[in-house]
Amino acid sequence: MTDVLGLFNYWIVIVLMMTGFYIVIARHNLIKKLIGLSVFQVSVFLLYITIGVVDGGTAPIVAEGYEVYSNPLTSVLILTAIVVGVATIALGLALVVRIQEEYGTIEEDEIQAQDHKA
Amino acid sequence: MKNHVILRIVTKLLIPYILLYAFYVQWHGDFGPGGGFQAGVIFAAGIMLYGLIFGLQAAESAIRPRLVQSGVALGLLLYIGVGIASMLLGGGFLDYDALGHDGQHHGILLVETGVFITVASVMITIFYSFAELIRRQ
Amino acid sequence: MDGVREVLGWLCIVPGAMFCVIGGIGLLRFPEFYSRMHAAGITDTLGAALVLIGLMFQSADWTVAVKLLVILFFLYVTSPTAAHALIHAAYTSGHDPLLADDGPPVQEGDKP
Amino acid sequence: MSGEQLIDIVLLALLASTAIAIARLRNLLATAMLTGIFSLLGACWMLFLDAPDVAFTEAAVGAGMSTILILATLCVVNAEEKPSRESPIALVAVLLTGGVLVYGTLDMPSYGDREAPATTNPITRIYLDSANAPVEHEEGHAAGSDPGDGFAVGIPNTVTTVLASFRGYDTMGETAVIFTAGLGVLMVLAGARHRRPDPSKEIDLKPGDEGPSA
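Protein chains in written order, with numbering that gives the first Met the number 0: chain V, 0 to 117; chain A, 0 to 136; chain E, 0 to 111; chain H, 0 to 213.
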């Protein structure tokens with residue numbers, strides 16, 4: 000088998016990704032779907048950071064006495080992604096509040112039932 | 000939340016340190032981990048703590064919703080203003096070398112302050128609008 | 000001097016870690032909410048404090064030690080308050096504690 | 000099995016178990032708390048992977064802000080997740096995609112080795128060198144204009160340098176995203192203030208057609 004320890008990180012990231020994916024698909028509660036989405040996002044962040052790691056390297060802050068640094072580029076990408084992720088989650092939650100006000104429920108199947116009826 | 004004496008005293012003790020830490024994170028972003036986003040979120044968390052413990056009225060009188068909503072646009076304006084300024088001074092858009100001798104330093108600090116204002120104001124407006132809904136219920 | 004600091008550091012970190020483990024086990028084993036909160040309290044205050052003090056001994060230079068001291072102060076103020084807020088909220092929302100003469104606790108076979 | 004790998008595996012196991020607990024739990028309040036714990040564990044793991052800036056943001060934003068937002072929504076909505084029949088198709092689809100992804104990672108570089116293309120790429124070296132080279136070049140030398148000899152920014156924290164100086168335009172776009180998200184929440188929720196709290200009394204909530212919630 001290829002070195003399990005080396006690829007172990009990626010497999011766990013995939014497990015997290017699939018759990019988030021499952022929550023978004025299988026659960027009918029809208030808030031649960033948003034939480035599933037944020038789980039999925041965190042796993043993508045961890046995937047990028049795992050790619051950027053260098054053995055024996057320190058944080059990408061240049062200081063005397065340290066020569067090997069981990070990759071700063073992946074960190075920058077993820078910094079942007081985290082904040083955008085929270086912005087979208089906040090908007091999604093505001094919409095959930097409005098949906099609950101209009102439909103009286105946040106279960107996806109009940110909402111669809113009301114839509115077909117109206 | 001009025002009768003929590005211990006919580007009120009501890010928050011009165013902690014909030015100055017939280018806000019001070021937010022500014023430290025903001026301006027220390029060049030040398031250590033930190034920057035505009037984290038500082039904005041920490042600042043907003045300090046205000047939210049104040050709002051939760053001392054009530055929405057106290058928080059809204061401390062930081063007016065009008066001021067915060069203008070802060071949302073102000074931060075972005077500051078960011079784009081730095082870009083335009085560097086264009087007027089001869090460099091390209093958002094090219095901080097044109098801002099003078101130590102242009103990179105000043106440019107990055109100004110830009111991070113713009114991000115700080117926008118992120119802090121957005122998080123506080125979201126908190127105010129949710130708290131408004133809870134209070135109306 | 001460094002050897003002594005190193006040993007002192009480990010002398011603090013290992014018991015701190017042990018207290019955290021004990022707190023965790025207490026969290027699982029105790030029958031109901033209030034005793035569990037007591038166990039969680041141990042992990043927060045004593046375990047974390049000992050680990051922090053141990054790290055202070057082992058820190059390379061003074062700035063790191065001062066930062067750890069500030070963290071210790073912050074932890075000493077927030078974690079008991081958090082525990083207080085949690086228990087106060089539980090008590091006011093009518094979650095009454097399991098007293099000694101209440102007979103067998105929730106799970107059978109466990110002596111209260 | 001060095002000590003570091005042990006910490007790595009324990010943190011990953013905690014992360015995976017928290018994610019599975021989030022998937023299985025019915026009680027929304029407990030799920031909100033678990034999301035906070037999940038983000039905090041993610042932040043711990045990012046710190047372990049030598050990315051302190053990202054760990055800082057993930058902890059402040061993920062554990063702090065999104066948990067507060069979800070709790071606020073739960074306060075307003077206070078709904079309980081109703082047990083619903085879960086179709087096995089979802090599980091099959093998830094397992095299938097997971098299997099294909101795992102197969103995909105088989106020839107990725109192993110964790111942290113130095114010959115990985117991401118680290119040996121010259122671009123990374125340029126960004127790292129740009130941080131500590133002292134600023135001595137003359138005016139008008141536009142940063143990033145000629146990546147050949149590298150450009151000096153003189154700020155130790157490479158992540159902030161790349162974020163604000165080299166990718167300044169992207170960060171501006173990102174601040175615009177936060178601006179629009181704040182605006183969106185304001186417009187969506189501010190509308191609630193003008194409607195009467197009691198939706199049953201039907202006045203022309205929506206001009207023309209009859210509101211669904213009558």
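Simulated from the structure, these hints should not be mistaken for laboratory data. Just to be clear, a hint being listed does not mean it is correct.
Interface residues of chain A toward chain E, partial, derived using beta-carbon atoms under 7 Å [said to hold, decoys possible]:
hint : residue
1    : I5
2    : L6
3    : V9
Where is the CB? At the ideal position from N, CA and C, for every residue including glycine.
Evaluated hints:
{"no.": "1", "hint": "I5", "in the structure": "holds, 6 Å"}
{"no.": "2", "hint": "L6", "in the structure": "holds, 6 Å"}
{"no.": "3", "hint": "V9", "in the structure": "holds, 5 Å"}
Violated hints: none; the structure is consistent with every hint.
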